[in-house]
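There are 2 protein chains.
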Amino acid sequence: MVDDENLKAENEPLARLECLGNAKQMVPRMFEMIGHSKFFTDFTRENVETLTSYMKAYRAEPGDLVIREGDVDDFMLFIVEGRVNIVKTDSHGERRPMTIVGPGGTLGEMSMIDGEPRFASCIALEATVFSVFSRDSMVKIILEQPSLGAKILIKLVTLLSQRLRSTSSDLLQHLERSEAV
Amino acid sequence: MVDDENLKAENEPLARLECLGNAKQMVPRMFEMIGHSKFFTDFTRENVETLTSYMKAYRAEPGDLVIREGDVDDFMLFIVEGRVNIVKTDSHGERRPMTIVGPGGTLGEMSMIDGEPRFASCIALEATVFSVFSRDSMVKIILEQPSLGAKILIKLVTLLSQRLRSTSSDLLQHLERSEAV
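Protein chains in written order, with our numbering: chain A, 1 to 181; chain B, 1 to 181.
Calculated from the structure, these hints are not laboratory results. A few of these clues could be false.
What the hints assert, rightly or not - Here are the simulated lysine-lysine pairs, DSS-like style, with alpha carbons at most 27 angstroms apart:
| no. | chain 1 | residue 1 | chain 2 | residue 2 |
| --- | --- | --- | --- | --- |
| 1 | B | Lys140 | A | Lys140 |
| 2 | B | Lys56 | A | Lys140 |
| 3 | A | Lys24 | B | Lys24 |
| 4 | B | Lys151 | A | Lys38 |
| 5 | A | Lys155 | B | Lys151 |
| 6 | B | Lys56 | A | Lys151 |
| 7 | B | Lys151 | B | Lys24 |
| 8 | A | Lys140 | B | Lys151 |
| 9 | A | Lys56 | B | Lys151 |
| 10 | A | Lys151 | B | Lys88 |
| 11 | B | Lys151 | A | Lys151 |
Said to hold, decoys possible - Per the computed footprint, the stretches of chain B lying under chain A, defined by three or more beta-carbons under 8 angstroms from a beta-carbon of chain A, are:
| no. | segment |
| --- | --- |
| 12 | 81 to 91 |
| 13 | 111 to 117 |
| 14 | 142 to 154 |
| 15 | 157 to 167 |
Since the model is a prediction, treat every value here as computed from it, not as a measurement. Built from N, CA and C at the ideal position, the CB exists for glycine as well.
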């Protein structure tokens with residue numbers, strides 16, 4: 001079992017990146033970025049401090065893979081510095097750039113929540129610093145700090161709801177257009 | 001202010017339907033439906049009882065409007081009996097049927113969560129009994145029953161995540177197809 005775990009850790013993109021330790025050292029920077037982060041609006045400084053104490057910080061160099069499409073893992077990222085390209089493989093095996101996420105943005109919430117394989121890959125576009133929030137930490141916060149846990153869950157649910165609205169609208173527009181062809 | 005409230009209530013589709021009172025009377029039926037409801041897997045009987053005590057039950061007749069696209073309100077529905085048609089107006093003003101939701105299914109989570117206008121209309125296909133869960137009740141449960149609150153939020157977040165995956169996949173497929181044309 002231990003061997004499997006090690007093997008898995010080695011194959012994980014995160015394990016190949018530079019770990020900067022507990023994210024708590026980044027609280028001032030996390031706090032700065034709150035202004036332009038949807039996620040952190042209405043989080044107090046204390047909330048941010050508590051949340052970051054449950055996270056680890058990492059650094060990726062340009063071109064580094066941060067999340068690999070199809071992998072089964074269960075963490076999300078908060079981008080503190082730099083930019084990350086989201087890329088999805090299409091049915092012809094070609095990588096399609098989907099969007100770019102910068103400081104204050106979040107990545108990987110879906111797999112953190114539902115444990116399903118990663119929907120897309122995330123590749124650092126430049127030197128990027130991010131903090132990692134795992135499902136285990138989420139569960140711990142819910143148990144140890146229920147009101148902060150609820151706040152985070154409400155944020156996640158709002159974020160996903162807004163994305164679902166916008167993706168559904170895009171899909172409808174494409175359906176209409178393809179019918180018009 | 002009171003007049004505005006009354007006017008709003010009269011214009012709301014829900015206000016025109018038959019209210020069956022507190023949903024708690026439907027606990028046995030709610031419990032039966034758990035078997036085929038994604039939402040209620042891993043809810044205990046006690047959880048279901050508590051949750052339903054925060055909900056009201058309604059009945060709609062075939063053709064009744066249950067939710068109107070564009071309305072601003074903040075509740076979700078649990079279908080106990082019957083089936084509901086989800087219909088979205090396209091850019092030509094035509095109503096497009098999107099999907100049908102039956103017993104055990106949920107509706108309207110997005111507006112319950114983010115307070116944005118309703119994305120689509122819901123129309124009863126047959127005699128339908130459903131329970132209504134408002135954002136106010138959600139907030140109350142989080143404050144009064146934090147662990148059940150977290151359980152509900154985790155369910156919502158998982159549900160939205162799965163829908164976002166499937167909608168994103170559909171969108172990608174359509175993008176690929178329209179490029180191939």
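Numbers of unmet hints, in rising order: Of the numbered hints, 2, 3 and 10 do not hold.
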